[in-house]
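Enquirer: Take a look at the letters that make up each chain.
2 protein chains.
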Amino acid sequence: MKEFELIKHFFAEQNVKRKDVVMGIGDDCAVVASSENQHIVVTTDTLVEGVHFPKDTEARAIGHKSVAVNLSDLAAMGAQPSWISLAITLPSVDEAWIAEFCAGVFELCEFFNVELIGGDTTQGPLSITITAQGLVPENQYLSRAGAKAGDWLYVTGELGEAALALQHILGKVTVEEHFVGPLIEKLNYPKPRVLAGEIIRDYASAAIDLSDGLISDLGHICQASNVGANIVLDALPLSEKLTNSLLEEDAINLAIAGGDDYELLFTVSEANKVGVETALSNAGVRLTCIGQLNATQTITTTLNNKAVPINSAGFEHFS
Amino acid sequence: MKEFELIKHFFAEQNVKRKDVVMGIGDDCAVVASSENQHIVVTTDTLVEGVHFPKDTEARAIGHKSVAVNLSDLAAMGAQPSWISLAITLPSVDEAWIAEFCAGVFELCEFFNVELIGGDTTQGPLSITITAQGLVPENQYLSRAGAKAGDWLYVTGELGEAALALQHILGKVTVEEHFVGPLIEKLNYPKPRVLAGEIIRDYASAAIDLSDGLISDLGHICQASNVGANIVLDALPLSEKLTNSLLEEDAINLAIAGGDDYELLFTVSEANKVGVETALSNAGVRLTCIGQLNATQTITTTLNNKAVPINSAGFEHFS
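Going down the list, the sequences are from chains Y and P.
Sequential numbering from -1 applies to the first sequence in our numbering.
Sequential numbering from -1 applies to the second sequence in our numbering.
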C-alpha cells in the first residue's frame, strides 16, 4: 500500500492557489473560508469503470470527465466552482496513467480556478468520486423547483452528440469519418456550462444539467416545480453530425433520451425572455427555446404541430 | 439502473435537520450557509470492501465506520462536524442491506448532529466515499504542524484493541471468549473523538487521529512540525484485553503499529499540560502522556528506561 501513498505527489502538483483555501492538501483535512454573503453549493458524483465510461477510456478523459460532471451540477445551481475533493480507487499504481489522469483533472480546475483541497487514494476496482463545492450569492442559487406554467423552456448548446459517440463506439451507428474525432471529444471531454449557469442565475426560474437525457431531466424540473411541459421537437438544437448520421426519428431520440450532454436545461418567465437571450448571446453561448411549461403535470411533445407520444426512452414510433 | 434511483428514499429518511442547510438532498446540489467567523474543514475517505473491511462485515458496521473515520479526521482538526456527502457503489440492490447500512450512518449522524446533504449511488464493486465537513472558529483549527521540541505527547483512550480484533478475525491470535464481542465492537464501531478534538483545540500545538498506527501517524506530526519524539512504551495505555491476550512485546507492537484506533494523538506545551489534563478529565475522556518531543527529527522509544529500536511496523526484537 506504500506505493498508493507515494502517488499523492501527483495530486500536489496543481497550479491553482485560491485565497479562500486556508490549508490545502496534506493534513487530516483542508480548511477553507467563506463569506457571510455567500452560500456554499455542494455536489458529489461517482464514475465507475464499465458503468460510466468504457474500460479503455484514456486516463486524461476520465480525469476531465470526473471533474466536468460535478462542475456541471454546480453550473445548474448558478454557482461558481471553488474546491474539489477527489477520491480515487485504483487496481494498481501505473504512474503514467495517473499523470495523464491528473492532467485531465487539473486542465479543468485551472480553467475554472478550482483548487483540489484533498482526497483519498485506495486500492480496488477503478472508480472516482469527486465532491465539488461552489459559491453563490446568498439565496440566489437556482434549483429544480420554481418553474411556473407559462415559463419558456431553454437549452444551451446542441443535444445528442455524446449519445451518438457512444452509439458509434458500441458499433450501433456508422458516422462519417471526419465526425468521429469531434464526437469522441464531445463524449470524453464535456464542457460544463459554468459561465452560462452564472448568467442565467439572474433570469431562470428553474434549472438542471442534462446528464440522464432531456425527457428524464425535464421530468425532475416538472416534478419539483409541479408543472408539465410541451417540447417542440422541430426546435431541438440537433447538430449536423446527428442529422447527417441518422434518420430524423433516431436523431430526435438521441437528443431527448441520450444523456451525457451536460448542457443546461432551464425555464424562464415571459418577462425574462429577452433578458436571458441577450445575456447568453452576448456571452457567446448558444441557446434555444424548445418548448413551454403548462399546468398539466405531464410532458408532451409535438412535431410538425402534431402531438407525438413519448416516454423517457424516446418517442414511440410514429407514422 | 432504475432500482439504484429507487434506493435514494433510504437516504432521505434521516432525522437531522440543521439550520445551516439551506437545501438538502434532492436537487443537483445541496446549499449550505456558513458564518464569517468560522472556517470550514473538509475531509474525504474511501472504504473499499476487502481492503478496509472484511468481505462479510455487517452493513450497519460499514455505515458506521464510513462516517466515523471521516469524523475522526475532523476531530483531529478540532472541528465540529456539520455535513456529509455520501457516495456508495453497490454490486446490486439489497434493500435489507441498505436499510442496515443507513442505520449505521444515521446513528452516528444523529449523535453528532451531522446532516447528510447529498451523494450518489452507483453500480459496481462495494465501496463508500464520504466527504465530511465541519466548522471551527476562524484560524483556530489544529493541524499536524505546530508541535515544538519539549512539548508533551498525549493520546486519548486505549490503543491496540481494533488491531487485536483483526488478528482474532484472521485467526492469528486467540483471545478469551468474553473479549471477542467488545473487541469486534471496537473494530467495527469506532467512536470518533469529536468532543476531545473540540476541547484540545484550546491547548494542543498539533494533532492527528490514529488511523495508520501510532508510529506512522506520529511520523506525520514530526515531519510537518520538523521535530522528533521519544515514546515511553511503559506508559502506553494498553487495555486489559491486550495484556491478557498477548505477550508484552506483541501487545506493545499492536499499540504502536496496529492502526484503526481512531484515538487522537496530540502535543501540548509545558504551559498547557495541566489545562488539557483538567479539561479532558472533566469531560470524562481518558488521556495519557506517552512521551515528549525533541529536536532530533527521529522517533525513538524506551522501555524500562532503556532505548529499544523500532520501525513503523513495530519495534525490533529485543532481548
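One should not assume that every hint holds.
[Claimed, not checked] Calculated cross-link-like contacts (lysine-lysine; reagent style DSS-like; alpha-carbon spacing at most 30 Å): (1) Lys15(P) - Lys146(Y); (2) Lys15(Y) - Lys189(Y); (3) Lys189(P) - Lys6(Y); (4) Lys17(Y) - Lys189(Y); (5) Lys15(Y) - Lys53(Y); (6) Lys146(Y) - Lys53(P); (7) Lys53(P) - Lys6(Y); (8) Lys17(P) - Lys170(P); (9) Lys170(Y) - Lys53(Y); (10) Lys189(Y) - Lys53(Y); (11) Lys53(Y) - Lys170(P); (12) Lys304(P) - Lys146(P); (13) Lys146(Y) - Lys6(Y); (14) Lys6(P) - Lys17(P); (15) Lys17(Y) - Lys146(P); (16) Lys189(P) - Lys170(P); (17) Lys271(P) - Lys189(P); (18) Lys271(P) - Lys15(Y); (19) Lys146(Y) - Lys170(Y); (20) Lys53(P) - Lys146(P); (21) Lys6(P) - Lys53(Y); (22) Lys53(P) - Lys6(P); (23) Lys6(P) - Lys146(Y); (24) Lys6(Y) - Lys304(P); (25) Lys271(P) - Lys17(Y); (26) Lys6(P) - Lys189(Y).
[Said to hold, decoys possible] Negatives, chain P to chain Y, calculated, CB over 12 Å: (27) Asp18; (28) Glu47; (29) Val91; (30) Thr129; (31) Asp215; (32) Val230; (33) Leu244.
[To be verified] Here chain P is said to cover these stretches of chain Y; the calculated rule only asks that three of the stretch's residues, wherever they fall, bring their Cβ under 8 Å from a Cβ of chain P: (34) 50 to 64; (35) 79 to 90; (36) 116 to 122; (37) 183 to 189; (38) 240 to 252.
None of these hints come from the bench; they were simulated from the model.
Glycine is no exception: its CB is placed at the ideal position from the N, C-alpha and C atoms.
Enquirer: Next step is simple, just say for each hint if it's right about the structure.
Expert: Tested hints:
For the given pair, Lys15(P) sits about 28 Å from Lys146(Y) by alpha-carbon distance, which is consistent with the 30 Å threshold. A threshold of 30 Å between alpha carbons decides the hint, and for Lys15(Y) with Lys189(Y) the separation of about 22 Å falls inside it, so the pair holds. Our distance criterion of 30 Å between C-alpha atoms is met by Lys189(P) and Lys6(Y), whose separation comes to about 28 Å. Only pairs whose Cα atoms come within 30 Å are accepted, and Lys17(Y) paired with Lys189(Y) is accepted, the gap being roughly 25 Å.
Only pairs whose Cα atoms come within 30 Å are accepted, and Lys15(Y) paired with Lys53(Y) is rejected, the gap being roughly 33 Å. Annotation: proposed proximity of Lys146(Y) to Lys53(P) is violated, straight-line Cα distance about 49 Å (limit 30 Å). Our distance criterion of 30 Å between C-alpha atoms is met by Lys53(P) and Lys6(Y), whose separation comes to about 27 Å. Distance restraint check for Lys17(P) and Lys170(P): the Cα-Cα separation of roughly 49 Å exceeds the 30 Å cut-off, and the hinted pair is therefore not satisfied.
Restraint check: the Cα-Cα separation between Lys170(Y) and Lys53(Y) comes to about 18 Å, which is no more than 30 Å; the hinted pair holds. The straight-line distance between the Cα atoms of Lys189(Y) and Lys53(Y) is roughly 22 Å, inside the 30 Å bound, and the hint therefore holds. For the hint linking Lys53(Y) to Lys170(P), the alpha-carbon distance of about 39 Å lies beyond 30 Å, and the restraint is violated. Only pairs whose Cα atoms come within 30 Å are accepted, and Lys304(P) paired with Lys146(P) is accepted, the gap being roughly 24 Å.
A C-alpha spacing of about 48 Å is found between Lys146(Y) and Lys6(Y), which places the hinted pair above 30 Å, so the restraint is violated. For the hint linking Lys6(P) to Lys17(P), the alpha-carbon distance of about 22 Å falls within 30 Å, and the restraint holds. Proximity of Lys17(Y) to Lys146(P) is assessed by CA-CA distance (about 28 Å); at most 30 Å being required, the pair is judged to hold. Proposed proximity of Lys189(P) and Lys170(P) is supported: the alpha carbons are some 25 Å apart, at most 30 Å.
Between Lys271(P) and Lys189(P), the direct Cα distance comes to roughly 25 Å. Compliance with the 30 Å bound is thereby established for this hinted pair. Simply put, Lys271(P) and Lys15(Y) have alpha-carbon atoms about 37 Å apart, too far for the 30 Å limit, and the pair is violated. As the CA atoms of Lys146(Y) and Lys170(Y) are separated by approximately 39 Å, the hinted pair breaks the 30 Å bound. With a CA separation close to 42 Å, the supplied pair Lys53(P) and Lys146(P) exceeds the 30 Å bound.
For the proposed pair Lys6(P) and Lys53(Y), the alpha carbon gap of about 27 Å is at most 30 Å, so the pair holds. At roughly 24 Å between alpha-carbon atoms, Lys53(P) and Lys6(P) fall within 30 Å of each other, so this suggested pair holds. Proximity of Lys6(P) to Lys146(Y) is assessed by CA-CA distance (about 26 Å); at most 30 Å being required, the pair is judged to hold. Taken as a hint, the Lys6(Y) and Lys304(P) pair is broken in the structure, with Cα atoms around 37 Å apart against an allowance of 30 Å.
Proximity of Lys271(P) to Lys17(Y) is assessed by CA-CA distance (about 35 Å); at most 30 Å being required, the pair is judged violated. Simply put, Lys6(P) and Lys189(Y) have alpha-carbon atoms about 28 Å apart, close enough for the 30 Å limit, and the pair holds. A beta-carbon of chain Y is positioned within 12 Å of the beta-carbon of Asp18(P); the least distance is around 10 Å. Look at Glu47(P): its CB is around 8 Å from the nearest CB on chain Y, not clear of 12 Å, so calling it non-interface is violated.
Even its closest Cβ contact with chain Y, about 14 Å, leaves Val91(P) beyond 12 Å, as expected for a residue assigned away from the interface. For Thr129(P), the condition that its CB be more than 12 Å from all CB atoms of chain Y is violated, with the nearest at approximately 4 Å. The Cβ of Asp215(P) does not lie farther than 12 Å from every Cβ of chain Y; its closest approach is about 10 Å, which violates its non-interface assignment. Val230(P), annotated as away from the interface, keeps every beta carbon of chain Y farther than 12 Å; the closest lies near 25 Å.
With a least CB separation of 24 Å from chain Y, Leu244(P) remains clear of the 12 Å interface cut-off, as annotated. Figure legend: the segment 50 to 64 of chain Y, annotated as covered by chain P; annotation inconsistent (1 residues with Cβ-Cβ distances under 8 Å, at least 3 required). Given as covered by chain P, the segment 79 to 90 of chain Y passes the check, having 5 residues with a CB less than 8 Å from a CB of that chain where 3 are the minimum. Given as covered by chain P, the segment 116 to 122 of chain Y passes the check, having 6 residues with a CB less than 8 Å from a CB of that chain where 3 are the minimum.
Counting residues of the segment 183 to 189 of chain Y whose CB lies closer than 8 Å to any CB of chain P gives 0, which falls below the minimum of 3, so the coverage claim is violated. Under the rule that three or more residues need a Cβ within less than 8 Å of chain P, the assignment of the segment 240 to 252 of chain Y is violated, with 0 such residues.
Violated hints, listed in ascending order, are 5, 6, 8, 11, 13, 18, 19, 20, 24, 25, 27, 28, 30, 31, 34, 37, 38; each of the other numbered hints is respected by the structure.
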